[in-house]
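**Student:** Heads up: the sequence lines are chains Y and X, in that order. If you read the first sequence in numbering that gives the first Met the number 0, its first letter stands for residue 0, the second for the next number, and so on. If you read the second sequence in numbering that gives the first Met the number 0, its first letter stands for residue 0, the second for the next number, and so on.
Careful, some of the hints might be misleading.
One copy or any two copies: either way a pair holds, since identical chains are not told apart in the list.
[What the hints assert, rightly or not] EDC-like cross-link-like pairs, simulated, lysine to aspartate or glutamate; straight-line CA separation at most 20 Å:
hint	residue 1	residue 2
1	K171	D6
2	K172	E158
3	K172	D6
4	K87	E127
5	K172	D39
6	K172	E132
7	K171	D39
8	K171	D73
Just so you know, these hints were derived from the structure itself, not from any lab. Bear in mind the structure is a predicted one, so any value in this text is a computation, not a measurement.
Protein chains: 2
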Amino acid sequence: MDKGYKDIIAFHGHSCPGLAIGYRMARAGLDYLSGSRAADEEMVAIVENDACGVDALQYLSGCTFGKGNLIFKDYGKQAYTLYNRQSKKGVRVLFGPQNIPENAGKNRDQFIDWLLSTPEENVVSLQEVRIDEPEPARIMRSVACESCGESVMATRTREVNGNTVCIPCAEKK
Amino acid sequence: MDKGYKDIIAFHGHSCPGLAIGYRMARAGLDYLSGSRAADEEMVAIVENDACGVDALQYLSGCTFGKGNLIFKDYGKQAYTLYNRQSKKGVRVLFGPQNIPENAGKNRDQFIDWLLSTPEENVVSLQEVRIDEPEPARIMRSVACESCGESVMATRTREVNGNTVCIPCAEKK
Numbered sequence: 000m001d002k003g004y005k006d007i008i009a010f011h012g013h014s015c016p017g018l019a020i021g022y023r024m025a026r027a028g029l030d031y032l033s034g035s036r037a038a039d040e041e042m043v044a045i046v047e048n049d050a051c052g053v054d055a056l057q058y059l060s061g062c063t064f065g066k067g068n069l070i071f072k073d074y075g076k077q078a079y080t081l082y083n084r085q086s087k088k089g090v091r092v093l094f095g096p097q098n099i100p101e102n103a104g105k106n107r108d109q110f111i112d113w114l115l116s117t118p119e120e121n122v123v124s125l126q127e128v129r130i131d132e133p134e135p136a137r138i139m140r141s142v143a144c145e146s147c148g149e150s151v152m153a154t155r156t157r158e159v160n161g162n163t164v165c166i167p168c169a170e171k172k
Numbered sequence: 000m001d002k003g004y005k006d007i008i009a010f011h012g013h014s015c016p017g018l019a020i021g022y023r024m025a026r027a028g029l030d031y032l033s034g035s036r037a038a039d040e041e042m043v044a045i046v047e048n049d050a051c052g053v054d055a056l057q058y059l060s061g062c063t064f065g066k067g068n069l070i071f072k073d074y075g076k077q078a079y080t081l082y083n084r085q086s087k088k089g090v091r092v093l094f095g096p097q098n099i100p101e102n103a104g105k106n107r108d109q110f111i112d113w114l115l116s117t118p119e120e121n122v123v124s125l126q127e128v129r130i131d132e133p134e135p136a137r138i139m140r141s142v143a144c145e146s147c148g149e150s151v152m153a154t155r156t157r158e159v160n161g162n163t164v165c166i167p168c169a170e171k172k
């Protein structure tokens with residue numbers, strides 16, 4: 000087990016087949032783009048599920064929920080698209096296991112070991128894709144909700160009886 | 000700067016006021032619940048924004064996008080609710096800075112230093128809350144899309160002309 004995967008377990012909290020899948024997918028996509036980790040938003044990831052593997056992607060790629068460069072499309076597919084704003088290159092990584100040895104198919108730990116060690120072509124397929132470059136994340140100004148007084152992003156307010164209020168206050172009225 | 004925050008910078012990719020805010024909020028909430036990091040789903044976080052600070056929360060609490068115990072409500076508020084499934088206790092942490100020294104208000108690095116070092120009551124307020132316990136994440140079976148052939152979660156398929164297809168294929172037709 001390499002250092003990268005151990006660190007990812009520490010972040011995710013445990014090892015599981017899903018995490019190992021995400022590790023191989025993220026590694027393959029980053030290698031394809033010759034991409035280093037995103038300090039800011041130079042890399043963008045579009046993930047088609049919100050399962051365990053996305054934590055491996057967040058950790059390895061620096062495309063994180065809090066940085067605005069992790070875009071979630073709720074398609075229920077084991078696919079990630081990685082896009083590099085500098086090179087304008089994108090790649091879609093699809094999980095598709097093949098040649099699983101009989102023992103690995105029946106035992107969870109052996110399946111994880113196999114996922115981590117088998118040649119890349121046994122677990123993922125890569126397709127270069129052209130995508131419309133996603134907008135960078137923006138910081139918006141905040142205002143005080145005129146009902147509860149809490150600070151709220153101006154773009155997330157509602158008008159209720161002439162007052163500018165936050166969504167939870169709007170929904171209470 | 001303590002070890003925890005340094006590790007969080009490595010995960011997020013850079014330091015910024017938002018990350019420091021999330022660090023203080025997450026730390027305060029976890030301390031209130033006497034909660035250790037979530038290896039699985041014993042802790043749940045409901046975040047009311049998707050800004051930088053959430054990466055600090057993911058890293059410190061183990062409530063991560065990929066584990067299904069990070070729930071996003073797009074309210075545009077600097078608030079996190081942490082809930083412990085074992086103790087059934089929940090706390091809402093709200094960012095609200097006060098007593099900011101004049102110099103810290105004008106300089107980004109000094110503002111970060113102040114955010115990280117000022118007493119907790121200057122940056123957050125805590126309120127114990129009762130919430131309906133969120134459902135744990137579930138693993139669903141997958142089927143093959145009858146159009147593109149890719150594997151897709153059965154709960155994310157659509158019926159188009161009698162075929163069971165994935166959302167992107169359904170939207171193309």
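**Student:** With reference to the structure, classify each hint as holding or not holding.
**Tutor:** Hints versus structure:
1. K171 to D6: neither (43 Å within a copy, 40 Å between copies)
2. K172 to E158: within (11 Å within a copy, 38 Å between copies)
3. K172 to D6: Neither, since 47 Å and 43 Å both go past 20 Å.
4. K87 to E127: within (11 Å within a copy, 47 Å between copies)
5. K172 to D39: neither (40 Å within a copy, 37 Å between copies)
6. K172 to E132: neither (39 Å within a copy, 24 Å between copies)
7. K171 to D39: Intra 38 Å, inter 33 Å, cutoff 20 Å: neither.
8. K171 to D73: For K171 and D73, the Cα distance is within 20 Å only across copies (16 Å; inside one copy 28 Å).
Checked against the numbered hints given earlier, the structure breaks hints 1, 3, 5, 6 and 7 and satisfies all the rest.
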